[in-house]
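Number of protein chains: 2
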Amino acid sequence: MTKKQLLEAIEIEAKKYFVDASGCHDWTHVERVRALAGRIGKAEDADLHVLAAAALLHDVSRGEEMRKGGGFCHAEHGAEEARNILVRLGCEPDFIDRVTHCIRTHRKRGKNIPESLEAKILFDADKLDSLGAIGVGRAFLFAGMAGSKTLYTGNEKELAKHDKDYSYTNEDSVFLEYEKHLKHLKDRLLTKTGKTIARERSDFMKDFFTQFWKEVEGKC
Amino acid sequence: MTKKQLLEAIEIEAKKYFVDASGCHDWTHVERVRALAGRIGKAEDADLHVLAAAALLHDVSRGEEMRKGGGFCHAEHGAEEARNILVRLGCEPDFIDRVTHCIRTHRKRGKNIPESLEAKILFDADKLDSLGAIGVGRAFLFAGMAGSKTLYTGNEKELAKHDKDYSYTNEDSVFLEYEKHLKHLKDRLLTKTGKTIARERSDFMKDFFTQFWKEVEGKC
Numbered sequence: 058m059t060k061k062q063l064l065e066a067i068e069i070e071a072k073k074y075f076v077d078a079s080g081c082h083d084w085t086h087v088e089r090v091r092a093l094a095g096r097i098g099k100a101e102d103a104d105l106h107v108l109a110a111a112a113l114l115h116d117v118s119r120g121e122e123m124r125k126g127g128g129f130c131h132a133e134h135g136a137e138e139a140r141n142i143l144v145r146l147g148c149e150p151d152f153i154d155r156v157t158h159c160i161r162t163h164r165k166r167g168k169n170i171p172e173s174l175e176a177k178i179l180f181d182a183d184k185l186d187s188l189g190a191i192g193v194g195r196a197f198l199f200a201g202m203a204g205s206k207t208l209y210t211g212n213e214k215e216l217a218k219h220d221k222d223y224s225y226t227n228e229d230s231v232f233l234e235y236e237k238h239l240k241h242l243k244d245r246l247l248t249k250t251g252k253t254i255a256r257e258r259s260d261f262m263k264d265f266f267t268q269f270w271k272e273v274e275g276k277c
Numbered sequence: 058m059t060k061k062q063l064l065e066a067i068e069i070e071a072k073k074y075f076v077d078a079s080g081c082h083d084w085t086h087v088e089r090v091r092a093l094a095g096r097i098g099k100a101e102d103a104d105l106h107v108l109a110a111a112a113l114l115h116d117v118s119r120g121e122e123m124r125k126g127g128g129f130c131h132a133e134h135g136a137e138e139a140r141n142i143l144v145r146l147g148c149e150p151d152f153i154d155r156v157t158h159c160i161r162t163h164r165k166r167g168k169n170i171p172e173s174l175e176a177k178i179l180f181d182a183d184k185l186d187s188l189g190a191i192g193v194g195r196a197f198l199f200a201g202m203a204g205s206k207t208l209y210t211g212n213e214k215e216l217a218k219h220d221k222d223y224s225y226t227n228e229d230s231v232f233l234e235y236e237k238h239l240k241h242l243k244d245r246l247l248t249k250t251g252k253t254i255a256r257e258r259s260d261f262m263k264d265f266f267t268q269f270w271k272e273v274e275g276k277c
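Chain order of the listed sequences is X and C.
Numbered according to this note's numbering, the first sequence spans residues 58 to 277.
Numbered according to this note's numbering, the second sequence spans residues 58 to 277.
It cannot be assumed that every hint is accurate.
Heads up, the list lumps identical chains together, so a pair's fine if it works in one copy or across two of them.
[As the list claims (entries may be wrong)] As a list, the in silico DSBU-like pairs of lysine-lysine whose alpha-carbon atoms are at most 30 angstroms apart:
id	residue 1	residue 2
1	K72	K206
2	K61	K276
3	K249	K276
4	K240	K263
5	K263	K214
6	K206	K240
7	K73	K206
Because the hints were derived from the structure by calculation, they are not lab data.
Make a model of the complete structure from these sequences and hints.
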């Protein structure tokens with residue numbers, strides 16, 4: 058099997074996990090992360106084969122996490138799921154270890170810290186999908202899916218100062234998510250290329266909300 | 058009762074209809090339409106008192122339309138509902154006629170065509186709330202609320218060529234709504250000031266989707 062054929066086989070396996078997926082983490086998210094990881098990987102001189110396999114497989118256990126809820130980590134379980142797939146496809150142990158390291162650490166939680174260059178790039182590409190125009194679209198779509206009642210409350214800047222979690226309350230909104238999390242995301246990226254793209258997408262998002270609030274007041 | 062007091066009383070009455078409203082036509086929509094109508098009204102030298110009253114009351118029957126569905130027109134019923142409110146508040150017949158004309162014709166459907174300057178401005182302000190950054194946010198939020206499965210399908214430009222209605226199907230997406238309707242909305246506005254703001258907001262939306270598709274491909 059050539060490298061291209063292997064990636065095609067991995068893609069077929071990975072896609073099976075996304076039949077019922079919707080919203081912010083559907084198959085289009087995987088495609089975007091793969092594209093972005095490839096771009097960053099080229100600039101950072103990473104192993105593009107490991108990176109493409111890891112990007113394709115990084116969210117295979119997200120559906121299970123959504124169903125099972127708290128305590129289940131889709132990164133840890135996804136790494137094991139991916140290992141099974143790659144063993145079945147006859148991959149080398151070293152390749153499997155390098156791919157599953159990326160998947161296990163792509164959330165950068167607890168002891169699962171991205172150490173390889175490819176793992177750092179997957180982390181960056183995944184985070185970048187929450188920024189820019191895609192980030193805006195995903196945030197509003199998700200808010201609607203989660204039953205958000207309104208576009209904004211007008212209290213966001215005040216509420217963002219506190220540590221309280223307003224998820225699924227009437228105080229929650231996309232702009233609160235932006236003020237609390239999305240506008241700080243650029244500071245968490247790990248690679249030089251990732252940081253550069255994050256700054257550009259973060260600026261786009263900032264300009265979007267500047268226009269948004271001017272329009273709220275009828276000023277433009 | 059001064060003009061300011063009357064508008065405050067109208068606002069209290071109008072708000073009662075929005076207790077259970079959510080999403081794209083909640084009370085914040087009314088506030089934005091009022092702000093924008095005021096801005097256009099000043100530039101076009103319109104009667105700002107008629108315009109503010111009409112903006113506050115223009116969607117009072119939208120909740121009933123949502124509950125009752127097809128055949129019920131919130132503009133026609135809203136005009137009658139508004140008439141009852143304004144009579145109760147002791148308004149002059151001429152003022153009531155001018156306000157209810159705006160409300161009845163704010164959708165510009167069938168025989169209900171905006172004739173007065175204030176009616177044309179209300180139509181423009183209402184349409185403008187579907188454009189720009191607010192338009193983007195409303196469209197994605199509404200898609201999520203309506204159960205949309207994905208951010209985009211990639212088939213939008215092709216599907217937009219046909220007249221078929223894809224609402225609530227797996228082919229529907231915000232970008233399809235943009236390609237079919239939102240990008241043409243600027244050509245439907247009625248006042249000079251409304252047209253100028255529409256062009257600006259339409260350009261903003263076009264730039265948003267240009268960035269959106271570049272990001273999909275990982276190009277920025």
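Here's how the hints hold up against the structure:
no. : hint        : verdict
1   : K72 - K206  : between (33 angstroms within a copy, 16 angstroms between copies)
2   : K61 - K276  : between (53 angstroms within a copy, 22 angstroms between copies)
3   : K249 - K276 : between (38 angstroms within a copy, 16 angstroms between copies)
4   : K240 - K263 : both (8 angstroms within a copy, 23 angstroms between copies)
5   : K263 - K214 : both (14 angstroms within a copy, 28 angstroms between copies)
6   : K206 - K240 : both (22 angstroms within a copy, 26 angstroms between copies)
7   : K73 - K206  : between (33 angstroms within a copy, 17 angstroms between copies)
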